[in-house]
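In the numbering used here, the protein residues as written are 184 to 650.
Treat the hints as calculated values from the structure; they're not laboratory data. You may find that some hints are simply not true.
[As the list claims (entries may be wrong)] The following label-pair restraints were derived from C-beta to C-beta distances:
id: 1; residue 1: 523; residue 2: 606; range: 45 to 51 Å
id: 2; residue 1: 455; residue 2: 340; range: 42 to 48 Å
id: 3; residue 1: 409; residue 2: 627; range: 14 to 20 Å
id: 4; residue 1: 267; residue 2: 328; range: 17 to 23 Å
id: 5; residue 1: 537; residue 2: 624; range: 57 to 63 Å
id: 6; residue 1: 236; residue 2: 551; range: 35 to 41 Å
[Claimed, not checked] Here are the simulated DSS-like cross-link-like pairs (lysine-lysine), alpha carbons at most 30 Å apart as the crow flies:
id: 7; residue 1: 349; residue 2: 303
id: 8; residue 1: 370; residue 2: 413
id: 9; residue 1: 303; residue 2: 431
id: 10; residue 1: 327; residue 2: 299
id: 11; residue 1: 340; residue 2: 251
id: 12; residue 1: 299; residue 2: 408
id: 13; residue 1: 408; residue 2: 384
id: 14; residue 1: 534; residue 2: 545
id: 15; residue 1: 283; residue 2: 327
id: 16; residue 1: 413; residue 2: 567
id: 17; residue 1: 285; residue 2: 303
id: 18; residue 1: 273; residue 2: 311
id: 19; residue 1: 232; residue 2: 311
id: 20; residue 1: 327; residue 2: 408
id: 21; residue 1: 352; residue 2: 259
id: 22; residue 1: 232; residue 2: 373
id: 23; residue 1: 232; residue 2: 401
id: 24; residue 1: 270; residue 2: 285
id: 25; residue 1: 603; residue 2: 431
id: 26; residue 1: 353; residue 2: 521
id: 27; residue 1: 521; residue 2: 550
id: 28; residue 1: 349; residue 2: 550
id: 29; residue 1: 278; residue 2: 401
id: 30; residue 1: 413; residue 2: 285
id: 31; residue 1: 596; residue 2: 606
id: 32; residue 1: 327; residue 2: 259
id: 33; residue 1: 303; residue 2: 270
The beta-carbon is built from N, C-alpha and C at its ideal position, and this holds for glycine as well.
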Amino acid sequence: MNLKEIISQGESETIEFKESAGEWKEIIKTISAFTNTKGGNILIGASDKGKIIGVQIGKKTIEDLVNKIKENTDPKIFPSISVENIKKQKVILIKVEENKSKPVFAFDRVYKRVGKSTVKASSEEIRKLALEGEKIYWDEQICKDAKLEDINWGFVKNFFIPRYEKFSKKMIIGTPEELLEALGCMKGGKPTNAGILLFGKAPQKFFRNSYIGLARYKGKIEEVKRLDYKEFFANLFHQIDECDKYIKEHIAIMSRLLPHKVEREDIPEYCWFSIRELITNAVCHRDYEDQGSKVIVKTFSDRIEFYNPGGLPKGITPENILIRQYSRNPIIANTLAKVKYIEELGEGWNKIIDEHKSHPLKPKLPKIMSDKYSILIILYSVRKKFEKTKMELNERQKRAIGYLRRNEKITNKEYQEINKTTKKTATRDLQELARLEILIKSGRTGRGVHYALNSSYKGDIRGHKGT
Numbered sequence: 184m185n186l187k188e189i190i191s192q193g194e195s196e197t198i199e200f201k202e203s204a205g206e207w208k209e210i211i212k213t214i215s216a217f218t219n220t221k222g223g224n225i226l227i228g229a230s231d232k233g234k235i236i237g238v239q240i241g242k243k244t245i246e247d248l249v250n251k252i253k254e255n256t257d258p259k260i261f262p263s264i265s266v267e268n269i270k271k272q273k274v275i276l277i278k279v280e281e282n283k284s285k286p287v288f289a290f291d292r293v294y295k296r297v298g299k300s301t302v303k304a305s306s307e308e309i310r311k312l313a314l315e316g317e318k319i320y321w322d323e324q325i326c327k328d329a330k331l332e333d334i335n336w337g338f339v340k341n342f343f344i345p346r347y348e349k350f351s352k353k354m355i356i357g358t359p360e361e362l363l364e365a366l367g368c369m370k371g372g373k374p375t376n377a378g379i380l381l382f383g384k385a386p387q388k389f390f391r392n393s394y395i396g397l398a399r400y401k402g403k404i405e406e407v408k409r410l411d412y413k414e415f416f417a418n419l420f421h422q423i424d425e426c427d428k429y430i431k432e433h434i435a436i437m438s439r440l441l442p443h444k445v446e447r448e449d450i451p452e453y454c455w456f457s458i459r460e461l462i463t464n465a466v467c468h469r470d471y472e473d474q475g476s477k478v479i480v481k482t483f484s485d486r487i488e489f490y491n492p493g494g495l496p497k498g499i500t501p502e503n504i505l506i507r508q509y510s511r512n513p514i515i516a517n518t519l520a521k522v523k524y525i526e527e528l529g530e531g532w533n534k535i536i537d538e539h540k541s542h543p544l545k546p547k548l549p550k551i552m553s554d555k556y557s558i559l560i561i562l563y564s565v566r567k568k569f570e571k572t573k574m575e576l577n578e579r580q581k582r583a584i585g586y587l588r589r590n591e592k593i594t595n596k597e598y599q600e601i602n603k604t605t606k607k608t609a610t611r612d613l614q615e616l617a618r619l620e621i622l623i624k625s626g627r628t629g630r631g632v633h634y635a636l637n638s639s640y641k642g643d644i645r646g647h648k649g650t
């Protein structure tokens with residue numbers, strides 16, 4: 184139904200006119216009524232009789248209205264809101280869909296639509312709505328406007344299926360489409376929201392803020408100037424892998440010799456498993472209905488902060504999260520668990536705590552803070568404890584420094600050759616030397632990357648200096 188049709192029909196069971204956004208409380212009550220019945224449209228900037236009078240729209244008019252609707256509805260409602268022009272006047276159009284999860288409350292009350300009026304529902308009507316409103320999770324709903332062509336079938340066949348078969352120890356007999364149907368990533372031949380986020384070619388086309396933003400700071404506080412800022416897009420698997428890789432490339436690793444061991448022991452400043460698990464938890468359990476915010480990671484000199492849109496569900500608290508299980512997006516969680524991207528429900532947090540308790544330098548346990556809008560989880564660094572622990576460069580790194588005293592630069596391949604080691608080990612060693620500011624890295628990616636000896640480096644190292 185277009186704007187002219189809405190105006191011509193006048194107020195009805197599915198159409199409501201409001202003169203200004205200042206009537207926001209009544210607007211929210213009507214939104215509750217529409218969601219509990221057949222849906223509907225609210226036009227702001229029109230009189231009761233449909234005369235267009237227009238509205239004044241400031242920079243934050245729409246944002247404030249969205250926040251008020253979100254804050255005063257339960258479950259949170261995110262209607263489609265647009266600014267339209269008609270008869271040289273600006274109006275606001277709010278499109279509200281019937282909610283499958285009923286009843287929807289506004290200001291702790293339930294409303295319904297009767298003719299042209301919004302009225303309070305009786306206790307008996309609320310009970311009927313509750314019986315009618317089967318719980319439908321957001322991630323299992325069909326993605327509006329998405330088609331089969333929006334799924335990256337090459338990724339499904341070449342990445343997901345081999346891992347699914349590896350971890351399930353079963354061969355996939357059916358088609359990729361049938362597998363996604365079985366996982367809940369497709370319904371009736373159409374992609375679900377989970378299917379687009381996990382396997383879509385461009386998930387952000389449908390959910391613009393379904394990505395991770397990462398800011399890296401030099402000190403302990405947020406500064407105007409950041410060391411770096413990265414955004415991780417594409418599907419959820421890619422976001423997890425790339426964010427995890429980036430963080431681990433920029434944290435310190437200490438090597439130490441132990442009396443009872445021949446090989447040196449590498450000790451990261453953060454618990455290795457915990458980083459990946461918290462990234463995965465953030466994209467898995469965030470509130471995707473709230474597209475006003477995204478997953479945010481902030482790294483400081485002494486901690487990493489993970490911000491996740493959507494507070495803890497009812498009954499879950501920071502104190503009982505280890506023993507109570509929940510999943511806001513069960514299809515996403517189940518699919519990630521199939522290929523070991525996330526631990527089985529309830530196990531991840533136990534492993535995080537166990538890892539912290541078994542870490543050689545005993546880091547402070549993670550801190551969890553939550554309100555109804557977001558969750559913040561903090562991992563703490565043990566970098567300060569590095570200074571109290573004797574540390575040396577390994578023989579490969581010393582050999583490379585000797586090489587650089589005779590040569591202008593060294594590449595990853597040359598490092599492998601002089602040390603007879605693997606590319607993975609060479610990369611880790613060179614990144615460590617760069618973090619210690621012994622070497623200076625040049626070039627961005629691939630063969631163009633090389634390292635030179637920092638002119639300020641005078642000799643061996645016993646302490647540790649990180650980025």
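Consistency of the hints with the structure:
1. 523 / 606: 45 to 51 Å: Violated: the Cβ-Cβ distance is about 24 Å, outside 45 to 51 Å.
2. 455 / 340: 42 to 48 Å: 30 Å, violated
3. 409 / 627: 14 to 20 Å: For residue 627 against residue 409, whose Cβ atoms are near 19 Å apart, the range 14 to 20 Å holds.
4. 267 / 328: 17 to 23 Å: 20 Å, holds
5. 537 / 624: 57 to 63 Å: 35 Å, violated
6. 236 / 551: 35 to 41 Å: 49 Å, violated
7. 349 / 303: Answer violated: residue 349 to residue 303 is near 55 Å, above 30 Å.
8. 370 / 413: Judged against 30 Å, a Cα distance of about 34 Å means the pair is violated.
9. 303 / 431: 54 Å, violated
10. 327 / 299: Between residue 327 and residue 299 the Cα gap is close to 29 Å, so the pair holds against 30 Å.
11. 340 / 251: Since the Cα atoms of residue 340 and residue 251 sit roughly 44 Å apart, the hinted pair is violated (cutoff 30 Å).
12. 299 / 408: 55 Å, violated
13. 408 / 384: 33 Å, violated
14. 534 / 545: Roughly 15 Å separates the two Cα atoms, so the pair holds.
15. 283 / 327: 15 Å, holds
16. 413 / 567: 26 Å, holds
17. 285 / 303: Judged against 30 Å, a Cα distance of about 14 Å means the pair holds.
18. 273 / 311: 39 Å, violated
19. 232 / 311: 33 Å, violated
20. 327 / 408: Violated, at roughly 40 Å.
21. 352 / 259: 40 Å, violated
22. 232 / 373: Violated, at roughly 41 Å.
23. 232 / 401: 60 Å, violated
24. 270 / 285: 38 Å, violated
25. 603 / 431: 24 Å, holds
26. 353 / 521: It holds: about 12 Å lies between the C-alpha atoms, which stays within 30 Å.
27. 521 / 550: Given pair residue 521, residue 550 holds - Cα atoms ~28 Å apart, limit 30 Å.
28. 349 / 550: Given pair residue 349, residue 550 is violated - Cα atoms ~35 Å apart, limit 30 Å.
29. 278 / 401: Answer violated: residue 278 to residue 401 is near 45 Å, above 30 Å.
30. 413 / 285: Given pair residue 413, residue 285 is violated - Cα atoms ~39 Å apart, limit 30 Å.
31. 596 / 606: With a Cα-Cα distance of about 7 Å, the restraint between residue 596 and residue 606 holds, given a limit of 30 Å.
32. 327 / 259: 19 Å, holds
33. 303 / 270: 35 Å, violated
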